[in-house]
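Undergrad: Below are the chains, spelled out letter by letter.
Protein chains: 4
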Amino acid sequence: MSGLAKLGHVAFETPDLEESLWFFRDIMGLKVVEREDDTAYLCGLRDYEHHTMSLTEGNEGGVDHIAFRATDPESVETYASRMDELGLDVERVDAGTEAGVGESIRFETPVGYPLEIYYDVEKPKPSEGKRSKIRTRRYSPEYANRVYPQRIDHAHVQGPKATETADFFQDEFDFGLNEVYRSADGTDWGLWLAVTALPHDIAVHRLEEDVREFHHISYHLDHLQDLWDAADILSENGVEIDAGPGKHAITNANYLYVKDPASDVRIELFAGPGYLNFEPDWETVVWQDEIGSESDHQWFGEQYDEDGVPFV
Amino acid sequence: MSGLAKLGHVAFETPDLEESLWFFRDIMGLKVVEREDDTAYLCGLRDYEHHTMSLTEGNEGGVDHIAFRATDPESVETYASRMDELGLDVERVDAGTEAGVGESIRFETPVGYPLEIYYDVEKPKPSEGKRSKIRTRRYSPEYANRVYPQRIDHAHVQGPKATETADFFQDEFDFGLNEVYRSADGTDWGLWLAVTALPHDIAVHRLEEDVREFHHISYHLDHLQDLWDAADILSENGVEIDAGPGKHAITNANYLYVKDPASDVRIELFAGPGYLNFEPDWETVVWQDEIGSESDHQWFGEQYDEDGVPFV
Amino acid sequence: MSGLAKLGHVAFETPDLEESLWFFRDIMGLKVVEREDDTAYLCGLRDYEHHTMSLTEGNEGGVDHIAFRATDPESVETYASRMDELGLDVERVDAGTEAGVGESIRFETPVGYPLEIYYDVEKPKPSEGKRSKIRTRRYSPEYANRVYPQRIDHAHVQGPKATETADFFQDEFDFGLNEVYRSADGTDWGLWLAVTALPHDIAVHRLEEDVREFHHISYHLDHLQDLWDAADILSENGVEIDAGPGKHAITNANYLYVKDPASDVRIELFAGPGYLNFEPDWETVVWQDEIGSESDHQWFGEQYDEDGVPFV
Amino acid sequence: MSGLAKLGHVAFETPDLEESLWFFRDIMGLKVVEREDDTAYLCGLRDYEHHTMSLTEGNEGGVDHIAFRATDPESVETYASRMDELGLDVERVDAGTEAGVGESIRFETPVGYPLEIYYDVEKPKPSEGKRSKIRTRRYSPEYANRVYPQRIDHAHVQGPKATETADFFQDEFDFGLNEVYRSADGTDWGLWLAVTALPHDIAVHRLEEDVREFHHISYHLDHLQDLWDAADILSENGVEIDAGPGKHAITNANYLYVKDPASDVRIELFAGPGYLNFEPDWETVVWQDEIGSESDHQWFGEQYDEDGVPFV
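Protein chains in written order, with the numbering used here: chain F, 1 to 312; chain L, 1 to 312; chain R, 1 to 312; chain U, 1 to 312.
Some clues are possibly wrong.
Which copy? The list can't say, so a pair holds if one copy fits it or any two copies do.
Here are the simulated lysine to aspartate or glutamate pairs, EDC-like style, with alpha carbons at most 20 Å apart [stated by the list, open to error]:
#, residue 1, residue 2
1, K123, E283
2, K123, E279
3, K125, D281
4, K123, E57
5, K130, D26
6, K125, E279
7, K259, E103
8, K123, D281
9, K123, D72
10, K259, D281
11, K125, E236
12, K130, E236
13, K125, E283
14, K259, D26
15, K161, E103
16, K161, E122
17, K130, E103
18, K161, D242
19, K123, E34
20, K259, E91
21, K123, E240
FYI, nobody ran anything at the bench for these hints, they're computed from the structure. Source: prediction; values computed, not measured.
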């Protein structure tokens with residue numbers, strides 16, 4: 001059993017915090033839980049933790065770290081020792097360095113982004129009047145913007161060491177490998193991994209060049225209609241849609257991709273039930289035989305970005 | 001007031017009736033109301049008339065005629081006289097020539113397809129067990145296929161005489177011109193016309209070349225989810241989607257285009273509420289100023305056919 | 001052909017305008033177009049006319065008048081003469097008496113509420129930023145509250161003279177009688193009438209006692225999910241739902257009923273496609289034979305108000 | 001960590017197998033995976049295991065057993081020993097006794113139904129043509145009936161020993177207690193427990209009398225519209241709906257209850273996202289303070305069965 005419970009949050013930098021807040025808060029509808037100095041902490045309507053995304057004003061933009069929550073405090077220490085054994089440089093981060101998050105550890109992973117592991121986290125309640133009367137909901141839907149991401153879903157990273165990254169998550173953290181896109185020569189170009197029942201908590205995609213790229217963070221919407229309304233709102237606000245709406249065969253997602261104009265962070269809105277994997281004996285689904293190109297795992301809808309690169 | 005009540009049906013030819021029935025009946029889910037010799041008559045689940053589409057096996061495929069229903073029997077005669085006055089050759093068609101349809105007249109229109117006008121039409125009820133207990137519904141939804149067009153919506157034709165065709169419908173039949181796409185030089189490239197409260201019953205699109213083209217027949221689905229499920233079913237059945245799912249700004253339609261592989265007849269699945277025009281003083285909505293190309297009237301979603309031609 | 005085009009608006013009184021605005025504006029999401037003295041004028045997101053509901057602070061609450069729009073200015077005069085011939089007292093109302101509405105006439109109808117007929121009406125555009133870029137939409141959906149009625153649908157009145165009222169609308173204004181609920185003894189208890197393609201613009205229900213009652217005004221929502229979200233928002237806000245969500249067999253409506261706590265005005269949220277009647281030869285659908293009680297025209301969902309009276 | 005992975009299936013008896021199949025197969029749309037002698041094995045469209053419900057023709061009807069799947073074969077043995085230690089009578093069931101299921105153990109639980117634990121299970125694929133091209137889906141949606149349950153969701157049992165049953169699942173199988181309904185005197189009347197990320201895999205409800213009652217088995221539908229269509233189909237087929245459509249506050253479910261007329265087995269159709277619980281530190285949500293009666297955990301919609309008993 002894994003000592004990790006779930007994807008916790010992704011910490012981003014942006015060259016212009018106010019413009020990024022226009023996008024993520026005003027258009028996307030994420031809730032700002034806390035604001036300190038040059039950092040804003042945000043969450044979806046039904047996220048239970050303090051935040052699932054942070055935005056810090058910085059020169060360049062980019063990803064500061066990707067954080068997973070441990071199943072218990074001991075697992076944080078167990079993983080600290082293990083990463084040390086593996087010769088990885090483990091940084092200790094004090095409680096409160098990130099608002100709402102307790103002590104954590106950070107270290108580099110093969111894909112090139114620092115991974116954070118923490119257990120202690122605040123679960124602040126919205127003030128009276130914003131809190132739902134349904135006690136398993138965080139915010140009252142009355143106060144939702146029209147695009148209303150409900151919860152963080154997954155992160156997607158790219159780089160030359162896709163297989164190594166996937167192995168690392170499987171070997172060290174007991175993730176399951178749910179789906180793989182494999183080319184005819186046996187190379188794995190996309191790998192979808194999960195520690196929860198979701199189709200994936202993290203996906204890694206192989207790039208030919210020796211660059212790493214954070215492809216997107218994904219939030220889940222309840223309904224297809226929400227995805228459609230999101231496209232409508234983006235169009236009314238003059239924000240260009242990267243790709244979609246459409247449906248992937250892999251992960252079974254109804255999707256739409258759009259970028260924060262300020263930070264260039266891409267967000268995937270992911271709607272619909274996808275699938276839930278409660279199977280203890282799940283066999284990795286390999287997409288290979290009958291498909292000739294990676295884009296064939298697409299099911300329908302617009303499929304390419306402005307450079308003709310298929311979305312995943 | 002117009003003497004025409006609504007778009008009635010479109011009569012198509014197909015080189016392979018069985019293959020067209022596979023598409024329109026088995027995949028699209030239209031109901032076959034009657035079958036005679038080499039012709040099949042089909043309707044949507046909630047169409048009230050005998051049929052709204054016919055398919056006749058013939059060498060080439062194509063459109064035989066587009067039929068509008070008159071508001072009363074006298075209007076058929078009034079229009080017969082008027083078309084005669086205009087120097088048009090008016091053909092009398094006997095009752096029963098088309099199954100379920102009474103006496104009608106046919107004549108050529110500027111756009112190049114014969115127009116039929118009729119009043120008398122049968123409204124057969126489905127047999128017991130297929131009929132809905134809700135008396136304003138024709139078929140029980142229990143018997144619906146998964147793609148279930150509810151009713152005919154509109155026809156869309158193209159040719160060099162778009163403006164003349166639109167004038168003809170306005171002058172002779174009192175259609176309203178709801179929306180227009182106009183290029184910077186003042187040329188109208190697309191015109192959406194209605195005699196009912198729908199966004200359009202017929203649209204005409206200007207082509208540069210001296211060819212006419214029947215662009216599509218459109219059926220209405222109740223819900224966005226139906227449109228999405230249609231795309232899913234088409235993908236499962238290996239039928240390539242022409243364009244969509246997406247949303248037009250003009251007509252406010254959620255759309256998907258797909259062609260019958262046998263006859264090459266294109267069908268637009270049109271979902272969602274669009275708008276209803278009950279205004280006696282509707283001012284034609286002109287799409288011109290801020291848009292540079294015809295495709296800009298697109299709102300979101302895939303927008304081009306395989307030749308890079310924007311869909312309308 | 002009728003000289004009336006559509007249901008225009010209903011003018012209500014309320015003992016507490018602010019509390020009614022809390023309900024109709026803040027919870028229901030109708031837009032306040034104009035506010036003058038003790039009257040507020042409201043509309044749905046896609047209503048094209050100045051307003052479709054007005055609320056005036058007054059002692060008692062109740063209905064001031066029900067207004068239909070004429071197809072042209074001449075029809076207002078034609079009806080004024082005709083009502084005069086019928087011995088009805090025709091009141092002339094100056095332009096601007098109601099904000100946005102031109103000269104109109106008012107007179108009593110059998111059911112007991114003053115009917116207003118007008119043609120001239122303003123169609124103000126929302127200010128830049130609130131206006132949709134889709135030119136056939138009035139407001140940008142971005143600015144919609146979570147319950148977002150799109151357009152006025154119908155009014156429903158009750159009284160002892162139901163049949164007389166229905167006859168009046170048919171004889172004087174050429175409404176069609178789309179559906180009827182008839183008891184075994186041949187008495188018509190509910191009659192659904194339309195001058196547009198909607199299932200009804202006005203319904204009249206027979207009461208045994210010699211009282212009149214305005215049962216409800218109805219606004220249309222685009223989707224079933226909107227109806228469901230409306231119920232969710234009402235529950236979060238502690239507003240008790242009168243009945244529903246459910247589905248009527250008659251009119252094929254997905255419905256929910258709720259009352260403004262201040263004025264006791266009941267609003268029916270009506271979602272989904274219902275049916276559109278473009279048939280020139282529609283035969284009145286009579287619900288009689290196999291049903292034993294009026295509530296049987298219900299299809300599913302909660303059906304009774306707090307007094308055990310079935311909703312219609 | 002629990003050695004149980006998920007709710008596997010519920011085995012029912014019915015006095016009339018053919019009539020039960022009319023209901024569960026023809027109306028409800030469950031797929032019949034295998035049929036042997038007097039037993040039919042059924043599953044939802046996206047259930048991954050051989051079956052999630054079985055129906056055996058028998059005199060009385062009722063529940064034969066409720067089965068959970070273990071996370072691994074060893075856990076079956078561990079639990080066998082543990083139940084033996086607890087003095088429970090552990091029955092060994094040979095592989096194949098139930099079609100598709102390997103060796104299992106069965107024993108009585110406080111609530112009064114035999115519990116089965118197994119690990120080995122077949123995962124047969126539908127024949128070519130019925131299988132989805134999306135490899136994480138079992139059946140092609142093309143072949144779905146209009147009510148199409150996607151996967152088993154939970155079971156709900158009632159009896160006098162509700163608390164003892166909930167303790168048993170927590171103590172022996174490490175289930176989490178997600179939500180509780182507690183009356184003012186501190187008695188727990190409803191307890192919702194999960195071993196997966198679902199709001200509950202099993203719920204137990206306290207009855208005053210010394211009877212046990214299997215309240216319902218629940219299947220999950222993807223969308224609210226599916227729930228609505230289910231109600232429509234049931235109404236067209238003359239099957240009376242027990243309660244709903246409506247929404248629970250507890251579990252956040254959109255629900256509808258209906259009984260198989262032959263076996264009296266109640267099925268809850270459960271639609272929408274509910275919530276997913278990936279939190280390692282979930283605190284049981286207690287519904288007590290502000291609610292005066294059990295029915296208050298209802299959110300909206302019809303809430304009572306024919307005896308005035310609130311649904312849960």
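Undergrad: Now tell me if each hint is right for this structure.
TA: Results for each hint:
In the homo-oligomer, the alpha carbons of K123 and E283 lie at most 20 Å apart only across protomers (11 Å), although the nearest pairing inside one protomer, at 35 Å, exceeds that limit. With identical chains, the CA atoms of K123 and E279 are at most 20 Å apart between copies only, with a shortest distance of 11 Å across copies and 30 Å within one. With identical chains, the CA atoms of K125 and D281 are at most 20 Å apart between copies only, with a shortest distance of 15 Å across copies and 38 Å within one. For the homomeric pair K123 and E57, neither the shortest alpha-carbon distance inside one copy (24 Å) nor that between copies (45 Å) is at most 20 Å.
With identical chains, the CA atoms of K130 and D26 are at most 20 Å apart both within one copy (17 Å) and between copies (15 Å). When the C-alpha separation of K125 and E279 is checked against a cutoff of 20 Å, the pair qualifies only between copies, where the shortest distance is 16 Å, while the shortest distance within a copy is 34 Å. For a Cα distance limit of 20 Å, the shortest separation of K259 from E103 qualifies neither inside one copy, at 31 Å, nor across copies, at 52 Å. In the homo-oligomer, the alpha carbons of K123 and D281 lie at most 20 Å apart only across protomers (10 Å), although the nearest pairing inside one protomer, at 33 Å, exceeds that limit.
For the identical chains of this complex, K123 and D72 are intra-copy neighbours only, at 16 Å inside a copy versus 34 Å across copies, given an alpha-carbon limit of 20 Å. Taking the shortest Cα distances, K259 and D281 never come within 20 Å of each other, neither inside one copy (37 Å) nor across copies (33 Å). For a Cα distance limit of 20 Å, the shortest separation of K125 from E236 across copies, 16 Å, qualifies, whereas the shortest one inside one copy, 32 Å, does not. Within a single copy, K130 and E236 get their C-alpha atoms only as close as 27 Å, which misses the 20 Å cut-off; across copies the closest is 10 Å, which meets it.
For the identical chains of this complex, K125 and E283 are inter-copy neighbours only, at 14 Å across copies versus 40 Å inside a copy, given an alpha-carbon limit of 20 Å. In this assembly of identical chains, K259 and D26 lie within 20 Å of each other by CA distance solely inside one copy; the values are 14 Å within and 32 Å between copies. In this assembly of identical chains, the alpha carbons of K161 and E103 never lie at most 20 Å apart, being 29 Å within a copy and 43 Å across copies at closest. For the homomeric pair K161 and E122, neither the shortest alpha-carbon distance inside one copy (34 Å) nor that between copies (36 Å) is at most 20 Å.
Taking the shortest alpha-carbon separations for K130 and E103, neither the intra-copy value of 29 Å nor the inter-copy value of 46 Å comes in at or below 20 Å. Taking identical chains as interchangeable, the C-alpha atoms of K161 and D242 are never at most 20 Å apart, the minima being 25 Å within one chain and 37 Å between chains. In this homomeric assembly, K123 and E34 come within 20 Å of each other (Cα to Cα) only inside a single copy, at 12 Å, whereas the closest approach across copies is 43 Å. Taking CA atoms no more than 20 Å apart as the test, K259 paired with E91 passes in neither setting, with 31 Å inside one copy and 59 Å between copies.
Taking identical chains as interchangeable, the C-alpha atoms of K123 and E240 are never at most 20 Å apart, the minima being 34 Å within one chain and 31 Å between chains.
Violated hints, in rising order: 4, 7, 10, 15, 16, 17, 18, 20 and 21; the structure is consistent with all others.
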